[in-house]
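Trainee: Single-letter residue listing:
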Amino acid sequence: MGIIKAVKLAFDYLKYDEDGNVQETQRAVDGVDIDIKEGQFVAILGHNGSGKSTFAKHINALLLPSDGTIWIDGINTSEEPELWKVRQKAGMVFQNPDNQIIGTVVEEDVGFGPENMGVPTEDIWKRVNESLEKTGMTAYRHHSPNKLSGGQKQRVAIAGVMAMRPKCIVLDEPTAMLDPNGRKEVLAAVHQLNKQENVTVVLITHYMEEVIDADHVIVMDGGHVVMEGTPREIFSQVETLKKYRLDVPQVTLLAHELKQSGVDIPDGILTTEELVNALCQ
Amino acid sequence: MIRDITIGQYYPAKSVIHRMDPRTKLFGTLIFIISVFLFHSVAGYAVATLFLAGMITISQVPVKFIFKGLKAIFMILLITMVFNILLTPGEVLWKIGIFTITKEGISMAVRMAIRLIYLVIGSSLMTLTTTPNQLTDGLEKSLRPLNKIHVPVHEIAMMMSIALRFIPILLEETDKIMKAQIARGADFESGNLIQKVKNMVPLLVPLFISAFRRANDLAMAMEARCYHGGDDRTQMKPLHYAKRDHIAYLVLFAYLAVAIGFRVMGW
Numbered sequence: 001m002g003i004i005k006a007v008k009l010a011f012d013y014l015k016y017d018e019d020g021n022v023q024e025t026q027r028a029v030d031g032v033d034i035d036i037k038e039g040q041f042v043a044i045l046g047h048n049g050s051g052k053s054t055f056a057k058h059i060n061a062l063l064l065p066s067d068g069t070i071w072i073d074g075i076n077t078s079e080e081p082e083l084w085k086v087r088q089k090a091g092m093v094f095q096n097p098d099n100q101i102i103g104t105v106v107e108e109d110v111g112f113g114p115e116n117m118g119v120p121t122e123d124i125w126k127r128v129n130e131s132l133e134k135t136g137m138t139a140y141r142h143h144s145p146n147k148l149s150g151g152q153k154q155r156v157a158i159a160g161v162m163a164m165r166p167k168c169i170v171l172d173e174p175t176a177m178l179d180p181n182g183r184k185e186v187l188a189a190v191h192q193l194n195k196q197e198n199v200t201v202v203l204i205t206h207y208m209e210e211v212i213d214a215d216h217v218i219v220m221d222g223g224h225v226v227m228e229g230t231p232r233e234i235f236s237q238v239e240t241l242k243k244y245r246l247d248v249p250q251v252t253l254l255a256h257e258l259k260q261s262g263v264d265i266p267d268g269i270l271t272t273e274e275l276v277n278a279l280c281q
Numbered sequence: 001m002i003r004d005i006t007i008g009q010y011y012p013a014k015s016v017i018h019r020m021d022p023r024t025k026l027f028g029t030l031i032f033i034i035s036v037f038l039f040h041s042v043a044g045y046a047v048a049t050l051f052l053a054g055m056i057t058i059s060q061v062p063v064k065f066i067f068k069g070l071k072a073i074f075m076i077l078l079i080t081m082v083f084n085i086l087l088t089p090g091e092v093l094w095k096i097g098i099f100t101i102t103k104e105g106i107s108m109a110v111r112m113a114i115r116l117i118y119l120v121i122g123s124s125l126m127t128l129t130t131t132p133n134q135l136t137d138g139l140e141k142s143l144r145p146l147n148k149i150h151v152p153v154h155e156i157a158m159m160m161s162i163a164l165r166f167i168p169i170l171l172e173e174t175d176k177i178m179k180a181q182i183a184r185g186a187d188f189e190s191g192n193l194i195q196k197v198k199n200m201v202p203l204l205v206p207l208f209i210s211a212f213r214r215a216n217d218l219a220m221a222m223e224a225r226c227y228h229g230g231d232d233r234t235q236m237k238p239l240h241y242a243k244r245d246h247i248a249y250l251v252l253f254a255y256l257a258v259a260i261g262f263r264v265m266g267w
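Line order of the protein sequences matches chains A and B.
Residue numbers for the first sequence, in this note's numbering: 1 to 281.
Residue numbers for the second sequence, in this note's numbering: 1 to 267.
These aren't lab readings, by the way, just hints derived from the structure by calculation.
Here are the simulated DSBU-like pairs of lysine-lysine, each with C-alpha atoms no more than 30 Å apart in a straight line:
#1 B/Lys-14 / A/Lys-126
#2 A/Lys-147 / B/Lys-176
#3 B/Lys-243 / A/Lys-126
#4 A/Lys-85 / B/Lys-148
Input sequences plus hints: build the corresponding full structure.
Mentor: This is the structure we're talking about:
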C-alpha cells in the first residue's frame, strides 16, 4: 500500500434549503481509485470542476469521503478522531498566496504549523531554519509577507508546510496566480524537495508544462480518473486529452501536428530538444 | 487617509525597545498614557516630552514614521481644539458675536491637543516596535488569568493578530475595487453626505464578499496546518523577561513616581 491510497472514493457536495434539509447533492468525486507510492512526484490534471481539488482536500482530511475510503500513510481518515494527525503527514499549499499566510513576519508564519503541533520551542526554531533554507527563503526571514512577490509568498507557504515535516505535500494549483518567473521559482523548490528530501508531491495544476517532469500523471474529468500513466504515455494521446478539454505542451502539439501531416517522428515528444533530435535524424 | 494610520505597521530594527518583552511595552504605554493625564503644567509636559523623545531615539524608528499616525487624527484634534476654545467659560479675551474666547479655553485646548498627540505617538511607538504577533502574545499572556472566568483569551488574541495581518491586504483590495468601479463610471466624490454613503454600496458589497472568501480560505489553510485551538500549543517565541525588561520596569516606575510627584506638588 502506498502513502496515499484511495478505494472507490466518492464525495457529495450537499446543498441545503432554509430549514437545513438536504436539497440536492452533487457528486464531485466518484469512484476514484488511486495509489501513490512514497517519494513519487504525481501530477493531477483536469479541467475546472473535474474534482481534482475536491480529491486533494481528502488527502489532507479537510473533507471526509461520503463513500469509499482513503488511507494516508496507513490512517483511515474517516476513522481518525484527531484529524490534525493526518494533516501533519500531508501538508497542503493552496492557490492564493495571500490567504494562507497567517504570520506577519516570514519566520513566524513558518513556525505556525509546528506551534500547533506542540513542538518544543528549540525544535521549532530548528525546523524553521531548516525549511527556510530548503526553500531558499532564509534571506527574507524577517520580512513582512506583504512585501514579497507571489512566487516568494508561495515558497514561504511551502516552507510553512515543510516545517511540519510531512511525508507528503499536496499543492492545489500553487502557480495559478503567479507570473511565469514565480511559477518557475515555485516549481524548482517543489522538485528540489521531492528529490532531496524524498517528500511525496501531489501537484494539482492545469499548466501542462508543469507536468512534464512528474513521475506519474493522473487525469480527472467529471469526478472520475480517466487517464493514468507517465507524462509520455499521457501526452502521446493528444486526441483523448482534447476530449477532456485539456491542452498538451506546445512542443508536443507541434510534434503531433507534424506527424499528422506525414513527418516521421515518434509519439509523446515532451521537450524542444527531443523534437530537434527527432527531426534531425 | 486610512493608509496613514501607523497602528499595526511594524518598523523592523534591532533596538533595545524592539527586543523588549511586549508585556513591558504594553505596561510602558499604559504608564505613559496615565502620565500624560497626570501632568498639567509646562514643566510636566517637558518631562513627558523628554521621556518620549528619549524612547523614540532609543527605538531607532525614523521620526517621519511616528508623525505619520498624527495625520489621521488631525480632524479630531481640530474639532476638540475649536470646541475647547469656544466653550470653556472663564476670563474673556475676545468676543466675536456669540463666540467668546477665554484664557482658560486656550490653555485647555492646548492641553487637550498635547494629550491627544502624545497618546497617538506613544501607542504608535509601541506598535512600530512590536510585531502584531508579539503584541497579541503579550496581551494573551497578560490576560491569561481571565481564562478562569471563561474568557476565550487565546481565541481573541488569534483574531486580533489575523485582523492586523489582513488590514493592509483589505486596504489594497478596497483600492482595487474602487478603481475598477470608477473605471465603470462609479462616482465616489460628488454629492452630499447621504449620496456619498449610497455611492459606497458598490464598493462595500464586493469588499465584503471578498473578505468572506478570504476568511474561508484562511480558515482552511489554518486547519490544514494543524490549528486546533489554544490547547497543547507551543510557542516559537515564548515570552521571557530579560535584564532589559527589569531595567525598563525600574525606569517606568521612576517615571510614574515623577508624574505622581508633579501632580501632588501641583506643578
